[in-house]
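Between the sequences and the hints, there should be enough to build the whole structure, so can you do that?
Listed here are the chains, written in short residue letters.
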Amino acid sequence: MPTAGQTHDVVFTLGSDSYGFMLKQGTSVEERVNDFAPSIGLGDNPAFAEGAWRAWEQSGLTEGVDQRIFSSKQKCWWTDGNLDTTRDQIVQLAAAWNSSDASKSATAPNIIDFEQASTDVVLAAIATKIRRYNTSTEVWADSTTTLGANCTRLATHGANAFAACGTGADFYRSADGDTWTQPAAGQKATDFATWDEKLWLCTGATIKNSTDNGATWSAAINVGDPSTNCTRMMVAFNNLFIRKEDGLYYYNGSDVVEVYRNRNTLYSGNQTLTYHHDGFIYMGELGSIKKFSISSGSIANMVDVTPNMTGDASKELYGHGTPIWIWSGPQHLYAAFDDGEGLYPEVLKYNGLGWHQVYRGASGDTLNAGGYSRLMGYNFLNDGATRLQKMVTLKDIPRADYPSSGQFITSYFDAGLPQMPKGFGSIRVWARNVSATGYIRIEYRTSDSGSWTTVGDVDTDVYPNPTTIPFDSDDKSIGSNALQLRFTLNRVSASSTPVLERFSVKYLNRPLTVHAYSMTLQLK
Amino acid sequence: MSQPLLDSTAESKAVAERLRFIRNIEDSQTPIIFTDRQGKKHLVFVTKVVLLRPIEGLDREDEVNAQVTCVDADDLFWPQPKTALSVSISVATVLA
Chain A
164 MPTAGQTHDV
174 VFTLGSDSYG
184 FMLKQGTSVE
194 ERVNDFAPSI
204 GLGDNPAFAE
214 GAWRAWEQSG
224 LTEGVDQRIF
234 SSKQKCWWTD
244 GNLDTTRDQI
254 VQLAAAWNSS
264 DASKSATAPN
274 IIDFEQASTD
284 VVLAAIATKI
294 RRYNTSTEVW
304 ADSTTTLGAN
314 CTRLATHGAN
324 AFAACGTGAD
334 FYRSADGDTW
344 TQPAAGQKAT
354 DFATWDEKLW
364 LCTGATIKNS
374 TDNGATWSAA
384 INVGDPSTNC
394 TRMMVAFNNL
404 FIRKEDGLYY
414 YNGSDVVEVY
424 RNRNTLYSGN
434 QTLTYHHDGF
444 IYMGELGSIK
454 KFSISSGSIA
464 NMVDVTPNMT
474 GDASKELYGH
484 GTPIWIWSGP
494 QHLYAAFDDG
504 EGLYPEVLKY
514 NGLGWHQVYR
524 GASGDTLNAG
534 GYSRLMGYNF
544 LNDGATRLQK
554 MVTLKDIPRA
564 DYPSSGQFIT
574 SYFDAGLPQM
584 PKGFGSIRVW
594 ARNVSATGYI
604 RIEYRTSDSG
614 SWTTVGDVDT
624 DVYPNPTTIP
634 FDSDDKSIGS
644 NALQLRFTLN
654 RVSASSTPVL
664 ERFSVKYLNR
674 PLTVHAYSMT
684 LQLK
Chain B
7 MSQPLLDSTA
17 ESKAVAERLR
27 FIRNIEDSQT
37 PIIFTDRQGK
47 KHLVFVTKVV
57 LLRPIEGLDR
67 EDEVNAQVTC
77 VDADDLFWPQ
87 PKTALSVSIS
97 VATVLA
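These protein sequence lines are chains A and B, in that order. Sequential numbering from 164 applies to the first sequence in the working numbering. Sequential numbering from 7 applies to the second sequence in the working numbering.
Read the hints as simulated data drawn from the structure, not as lab findings. Glycine is no exception: its CB is placed at the ideal position from the N, C-alpha and C atoms. One or more of the hints may lead you astray.
Calculated pairs, DSS-like style, for lysine-lysine (alpha carbon to alpha carbon, straight line, at most 30 angstroms) [stated by the list, open to error]:
#1 B/LYS47 <-> A/LYS454
#2 A/LYS558 <-> B/LYS47
#3 A/LYS361 <-> A/LYS371
#4 B/LYS19 <-> B/LYS54
#5 B/LYS46 <-> A/LYS687
#6 A/LYS454 <-> A/LYS292
#7 A/LYS361 <-> A/LYS453
#8 A/LYS687 <-> B/LYS47
#9 B/LYS54 <-> A/LYS687
#10 A/LYS454 <-> A/LYS558
#11 A/LYS236 <-> A/LYS639
#12 A/LYS478 <-> A/LYS553
#13 A/LYS236 <-> A/LYS687
#14 A/LYS553 <-> A/LYS292
#15 A/LYS267 <-> A/LYS687
#16 A/LYS558 <-> A/LYS453
#17 A/LYS187 <-> B/LYS47
#18 B/LYS54 <-> A/LYS187
#19 A/LYS236 <-> A/LYS478
#20 A/LYS687 <-> B/LYS19
#21 A/LYS267 <-> A/LYS292
#22 A/LYS187 <-> A/LYS687
#23 A/LYS236 <-> A/LYS454
#24 A/LYS292 <-> A/LYS371
Which chain A residues stay away from chain B? Per the calculated CB distances, all over 10 angstroms, these [unchecked claim]:
#25 PRO389
#26 ASN402
#27 VAL419
#28 PHE455
#29 ILE457
#30 ARG562
Now the structure itself:
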């Protein structure tokens, strides 16, 4: 058996074969052969720094949340719901969610506008009372009438509001939102819709229509399986769409047409269905959200757009939760979810590119309802209290009514080379409207189990030159395979928000050393 | 005449056999173990082999040398391309 240094100069072993060789004197060389980083320059002088560094740069988060590992420069991993991330080149505080009606749990999933002869109101169903939000005084008040059962859906048609009580009581009608009467004895309802100049209701597995504002009703029209219930009605593409617990149908005035039915998805909570002005229908199904269009009466291009969370077991098991209501805002689609991560009430909005966190409530609370008031330009939700968020009139842009802070966490950035060590030098931040009291704090960590280390605060408005902060004030860089950043935007006042326009992190790949060994073997 | 080794014994393996081994380790898609003179082991791939032969017609007793280059295999995660055999074939012909 050849032994290096004893029988032979060197030995090569492949499997069970070992061969020794003698070397020609002076030919043994060992050298580093792989790429290596040049000396690291510190500071901003391009002559010393720029040529060697690479950059991880992001400008805006228009594709939203839930990207754990960096891939798209328009996404991040997580936000706390206090940021507006839908616009390119801008991350700023969203409008604050303020409690507007404390200790009130909604029993209908929708919150709606009701324009009437006197002051317009916003309606929310709180058990057997209808709460009215006066759009002038901005104060909630109970309806005078107490309903015979919990209200489970609200709607308007013509000059009236309607309250469905499911199977608990006949439906109610009101001209002012305060006094409610039951105009049609024996008529129960799950939901209402206005279509073909008629008022429609669904109950059980049937639909009916009324031409006299709900006083008298047509014969019932059967929809699908008589053993499964209708849950929602909505008008799109000149048809009346009917969501059932186990499928989707439409009525064209003469026939009920089955769009699809899947018994395996039967669920009483399959009650979300809306037409969004991007030309698509959005629908909740179990824990998913489907997006599709209709072509010649059939589903075309159905895709699953459910937002998915990653990062820990609860996020991956429960995601953002189960959709309980979906509605169309001025620009974006809004979805209210319950039990995000198994715990949180959440609202997200979809801008066609991705989902953006709009609200993340207290652990353990239940998301009961949501809606948009065009009358007020407010978003509403109910999770044990009715809350409102002030938006710019007719737009999905936050009004200057900012929360004290908002936070987002970036994806992990590993340059697509997760096992390669890197040196992260500094971060450059382009920001506006920052000061000593209204600033952007930057922190980093290099693993999920690592604690956050403060890099520094961006508190000087210096566009177009960035604020540059090194990751370590003593060493020229920090070493890690990957990096994750946390940005906290702190306001100056409720009417002023810092704006993050762009950030750029300088880094170097620092591959492990690879050596080559060359020698001349003497074979004879 | 057999090649003298460090322990004053003579090399027992023929030149042709050792050349065949070099070709084997050159083509190996799994790393091989290179043990240097200090007994330190390196997991490597053989990336280059150059055979240095005497000019035709010279004394057949001249030494036959092989330059070998190896590279650390520790940080390599994909199979190395198989080395072309054309040079090896011509060497085998000469040694036959």
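Structure-based check of all given hints:
Restraint check for B/LYS47 and A/LYS454: the C-alpha separation of about 60 angstroms exceeds 30 angstroms, so the hint is violated. Among the hinted pairs, A/LYS558 with B/LYS47 is inconsistent with the structure: their alpha-carbon atoms are about 68 angstroms apart, more than 30 angstroms. For a cut-off of 30 angstroms, the pair hint linking A/LYS361 to A/LYS371 stands: about 10 angstroms separates their Cα positions. Under the criterion of a C-alpha separation no larger than 30 angstroms, the hint pairing B/LYS19 with B/LYS54 is consistent with the structure, at around 23 angstroms.
Distance restraint check for B/LYS46 and A/LYS687: the Cα-Cα separation of roughly 25 angstroms lies within the 30 angstroms cut-off, and the hinted pair is therefore satisfied. Among the hinted pairs, A/LYS454 with A/LYS292 is inconsistent with the structure: their alpha-carbon atoms are about 34 angstroms apart, more than 30 angstroms. Taking the CA atoms of A/LYS361 and A/LYS453, the gap is about 28 angstroms. The hint holds against a cut of 30 angstroms. Only pairs whose Cα atoms come within 30 angstroms are accepted, and A/LYS687 paired with B/LYS47 is accepted, the gap being roughly 25 angstroms.
For the proposed pair B/LYS54 and A/LYS687, the alpha carbon gap of about 20 angstroms is at most 30 angstroms, so the pair holds. A threshold of 30 angstroms between alpha carbons decides the hint, and for A/LYS454 with A/LYS558 the separation of about 23 angstroms falls inside it, so the pair holds. In summary, the hint linking A/LYS236 to A/LYS639 is supported, as the alpha carbons are separated by about 26 angstroms, within the 30 angstroms threshold. With a C-alpha separation of about 29 angstroms, the suggested pair A/LYS478 and A/LYS553 falls inside the 30 angstroms cut-off, and the hint holds.
In summary, the hint linking A/LYS236 to A/LYS687 is not supported, as the alpha carbons are separated by about 61 angstroms, beyond the 30 angstroms threshold. Distance check on the hinted pair: A/LYS553 and A/LYS292 sit about 25 angstroms apart at the alpha-carbon level, within 30 angstroms; holds. For the hint linking A/LYS267 to A/LYS687, the alpha-carbon distance of about 95 angstroms lies beyond 30 angstroms, and the restraint is violated. Under the criterion of a C-alpha separation no larger than 30 angstroms, the hint pairing A/LYS558 with A/LYS453 is consistent with the structure, at around 25 angstroms.
Between A/LYS187 and B/LYS47 the alpha-carbon distance is near 20 angstroms, which keeps this suggested pair within the 30 angstroms criterion. A C-alpha spacing of about 17 angstroms is found between B/LYS54 and A/LYS187, which places the hinted pair at or below 30 angstroms, so the restraint holds. For the hint linking A/LYS236 to A/LYS478, the alpha-carbon distance of about 22 angstroms falls within 30 angstroms, and the restraint holds. Restraint check for A/LYS687 and B/LYS19: satisfied, since their Cα atoms lie roughly 10 angstroms apart, inside the 30 angstroms limit.
Distance check on the hinted pair: A/LYS267 and A/LYS292 sit about 10 angstroms apart at the alpha-carbon level, within 30 angstroms; holds. At most 30 angstroms may separate the alpha-carbon atoms for a hinted pair to count; A/LYS187 and A/LYS687 meet this at roughly 11 angstroms. In summary, the hint linking A/LYS236 to A/LYS454 is supported, as the alpha carbons are separated by about 25 angstroms, within the 30 angstroms threshold. Simply put, A/LYS292 and A/LYS371 have alpha-carbon atoms about 26 angstroms apart, close enough for the 30 angstroms limit, and the pair holds.
No Cβ of chain B approaches the Cβ of A/PRO389 within 10 angstroms, the least distance being about 61 angstroms, so the stated non-interface status holds. Remark: the non-interface label on A/ASN402 is consistent with the geometry, its nearest Cβ contact in chain B lying 56 angstroms away (cut-off 10 angstroms). At the 10 angstroms boundary, the C-beta of A/VAL419 stays outside the reach of chain B, the nearest C-beta of that chain being 59 angstroms off. No beta-carbon of chain B is positioned within 10 angstroms of the beta-carbon of A/PHE455; the least distance is around 42 angstroms.
No Cβ of chain B comes within 10 angstroms of the Cβ of A/ILE457; the nearest lies about 48 angstroms off, and the non-interface call holds. At the 10 angstroms boundary, the C-beta of A/ARG562 stays outside the reach of chain B, the nearest C-beta of that chain being 52 angstroms off.
When each numbered hint is compared with the structure, violations occur for hints 1, 2, 6, 13 and 15.
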